[in-house]
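Residue strings, one per chain:
Number of protein chains: 2
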Amino acid sequence: MSLDSLADAFYDELCDIYHAEKQLLNAMPRMIKSATDSRLVEALTAHLEETKKQVQRLEAAFEDTAKRPKSKKCEAMAGLIKESLQMMEQEADDQVMDAVIIASAQKIEHYEIATYGTLCTWATSLGYTNAKERLGENLNEEESADKTLTKVSKSVNKAAMVHGG
Amino acid sequence: MSLDSLADAFYDELCDIYHAEKQLLNAMPRMIKSATDSRLVEALTAHLEETKKQVQRLEAAFEDTAKRPKSKKCEAMAGLIKESLQMMEQEADDQVMDAVIIASAQKIEHYEIATYGTLCTWATSLGYTNAKERLGENLNEEESADKTLTKVSKSVNKAAMVHGG
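Chains as they are written, first to last, in the working numbering: chain A, 62 to 226; chain B, 62 to 226.
Extracted from the complex, chain A is given alone in its bound form (with noise of 0.2 Å):
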């Protein structure tokens, strides 16, 4: 497609960023099932469940383009999913494949935040206050499972320095 515009670029993005969200879905019971410490299992299973909702978040933003929600191949949630699971597929003690799940998690959540918050910016440009609503919904929740992570780390990683350093 051209872009012409920045409603172009948004509806471009919109669609990069539906499929990056669904091919979460699918490696999230990967990484939860690899993981150890009961906190980060909770927080990874919340935001599962959350994905679910932005996914249909999504959706309903599409409609203030006035196109059809369409998935366009999200070449760098691919990468960061491929290096997620090349990750988990490593000989790890079990908490320090914890501190590495939360790295990964925290890399894919970045990388949601930074797309979300172009996409509000863009969305206020444009007037689409209906997606501008639901992108801030997904992003605020990027940012605060992002915060847990956080939070889930720190024990994490003191468990992981007693099994090594």
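Same chains, same names: a pair is fine if it fits in one copy or spans any two.
Computed cross-link-like contacts, DSSO-like style, restricted to lysine-lysine with a CA-CA straight-line distance of at most 27 Å:
#, residue 1, residue 2
1, Lys134, Lys94
2, Lys131, Lys143
3, Lys143, Lys128
4, Lys143, Lys215
5, Lys114, Lys128
6, Lys133, Lys219
7, Lys219, Lys193
8, Lys83, Lys143
9, Lys113, Lys128
10, Lys83, Lys134
11, Lys143, Lys133
12, Lys212, Lys114
13, Lys208, Lys193
14, Lys128, Lys215
15, Lys219, Lys128
If you're looking for bench data, these hints aren't it; they were derived computationally from the structure.
Use these hints to put chain B onto chain A, whose structure you have.
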């Protein structure tokens, strides 16, 4: 490699960002060439220079691990760059392309912010004081580059709206 300790995870992550920053050194000139807005060109050019110094700081950070600097293919950055290059290959209005370049660059910054955040936390846990200092400098530069791009985006988005909306 087997991740038996947090020190193993730190080394693995350091090898990952070392490769990521070197990939970025190759990709940034293409982004600069595709940009039109003079403040955007200036911000990206300044960050390219910073990135060269960041690679040197990473090499210094390896000293605390008592292992040699090694690159580990960073799949996440490969995906981020692939997506960015695909965007730049699209037909686009100059001002809209500037907005898209900022979006791509901020995704990359956020990947680095997440990675340096993790590395700084782990360096503190591991007592790697030299590495912590170097990685903290890189983290500050990435956060600052992200803020600069947000500032530049305000006028770029306005210009993109004038050219289509």
